[in-house]
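Residue numbers (numbering that gives the first Met the number 0), protein chains in the order written: chain A, 0 to 134; chain B, 0 to 134; chain C, 0 to 134.
Just so you know, the hints here were simulated from the structure itself, not pulled from any lab data.
Partner residues aside, some chain A positions facing chain C, computed with beta carbon under 8 angstroms: (1) Met-0; (2) Cys-68; (3) Val-69; (4) Gly-73; (5) His-77; (6) His-85; (7) Ala-88; (8) Thr-89; (9) Pro-93; (10) Leu-130.
The C-beta atom is built at its ideal place from N, Cα and C for all residues, glycine as well.
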Amino acid sequence: MLQFIIDLRTSARDQMLEVTDQVRAGLAAHGVRDGFCLVASPHTTAGVTINEGYDPDVARDMLVALERCVPHNGDYRHAEGNAAAHVKATLVGPSQWVPVLGGELQLGTWQTIWFCEFDGPRRRRLVVSVLESSR
Amino acid sequence: MLQFIIDLRTSARDQMLEVTDQVRAGLAAHGVRDGFCLVASPHTTAGVTINEGYDPDVARDMLVALERCVPHNGDYRHAEGNAAAHVKATLVGPSQWVPVLGGELQLGTWQTIWFCEFDGPRRRRLVVSVLESSR
Amino acid sequence: MLQFIIDLRTSARDQMLEVTDQVRAGLAAHGVRDGFCLVASPHTTAGVTINEGYDPDVARDMLVALERCVPHNGDYRHAEGNAAAHVKATLVGPSQWVPVLGGELQLGTWQTIWFCEFDGPRRRRLVVSVLESSR
Numbered sequence: 000m001l002q003f004i005i006d007l008r009t010s011a012r013d014q015m016l017e018v019t020d021q022v023r024a025g026l027a028a029h030g031v032r033d034g035f036c037l038v039a040s041p042h043t044t045a046g047v048t049i050n051e052g053y054d055p056d057v058a059r060d061m062l063v064a065l066e067r068c069v070p071h072n073g074d075y076r077h078a079e080g081n082a083a084a085h086v087k088a089t090l091v092g093p094s095q096w097v098p099v100l101g102g103e104l105q106l107g108t109w110q111t112i113w114f115c116e117f118d119g120p121r122r123r124r125l126v127v128s129v130l131e132s133s134r
Numbered sequence: 000m001l002q003f004i005i006d007l008r009t010s011a012r013d014q015m016l017e018v019t020d021q022v023r024a025g026l027a028a029h030g031v032r033d034g035f036c037l038v039a040s041p042h043t044t045a046g047v048t049i050n051e052g053y054d055p056d057v058a059r060d061m062l063v064a065l066e067r068c069v070p071h072n073g074d075y076r077h078a079e080g081n082a083a084a085h086v087k088a089t090l091v092g093p094s095q096w097v098p099v100l101g102g103e104l105q106l107g108t109w110q111t112i113w114f115c116e117f118d119g120p121r122r123r124r125l126v127v128s129v130l131e132s133s134r
Numbered sequence: 000m001l002q003f004i005i006d007l008r009t010s011a012r013d014q015m016l017e018v019t020d021q022v023r024a025g026l027a028a029h030g031v032r033d034g035f036c037l038v039a040s041p042h043t044t045a046g047v048t049i050n051e052g053y054d055p056d057v058a059r060d061m062l063v064a065l066e067r068c069v070p071h072n073g074d075y076r077h078a079e080g081n082a083a084a085h086v087k088a089t090l091v092g093p094s095q096w097v098p099v100l101g102g103e104l105q106l107g108t109w110q111t112i113w114f115c116e117f118d119g120p121r122r123r124r125l126v127v128s129v130l131e132s133s134r
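This is chain A alone, in the form it adopts within the complex (with noise of 0.2 angstroms):
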């Protein structure tokens, strides 16, 4: 199984990263043709998912409906106080698996893939694995 790992800094405790053209550079970089990747937050205070990348007020509107569901102050007893950090992670879902063809990650026209960071700033990591198809 090939795997690589994408490092990442992020810069506000609540903060969406665009992390596409970090995925397509390792697949490319790996000679990956045909097959799926899963890309995975190795965290447990941070998420993956795919949305819209090309309006940037949809990252925005995201970080602050998830703040409405899940506020950072509540009724908590994790001692670190990221406790909602936790459960964002959970509803976003801590990866994401993205088919490849011909070398080209198949997303949907305005389908981006986000790292979530709920927790930051922090030096974080993205764990790309890559099951490749031999058809």
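Please arrange chains B and C on chain A, whose structure you already have, making use of the hints.
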């Protein structure tokens, strides 16, 4: 890699469409026996989930509960007026995997695959990618 | 395709059960070395997530935050009285993938696989499907 498209047409802003039969028919048409299929929305204001299909009230309650979590009108900047739809798509998720054994989708007794429209009515597509197993 | 079942018993309406050890034991019993495993709930009122397992307060806070987002009592029509459980299952998601390398689950340092019960107490099952890699 085998892929096929399912064309959909939604008739309301928020709507859940059962697509299990169409996924099953596509797998049969392509002679898929064993493997995994990824049922994915290429859109950014629609998602895919797996949940109960027997009682139609479950889908109705899902849409009402999601609207309560992420109201259509709120603190949004995205100019297209569908910011909540983007957030709902991320909460539900853009895709789901289902194992296939002997040509049959391996779903639980009450599980159905749902396309979740959050910005209809529209023409929509589902992309089903198949990873065939040789074992 | 290799599949195995993990039998669970939950003891509360909302409960998070750590299942990483049981998944790991199943992979070892079947001699899985490299590939990906799909840990899936065949139920419609329970989900699977990956999050912190070290501090038990994280699981407790998760359940409280989900209940705040989707209260047990609300504008629901589903007659079985567990409409919120269906919604929570979709928000968390029905399944998660974890890569396996050299027989080891590739989880982050603080990541644990959780079965999320939203309509217990019950007997439950997890279905683990393995996609072995030959590389």
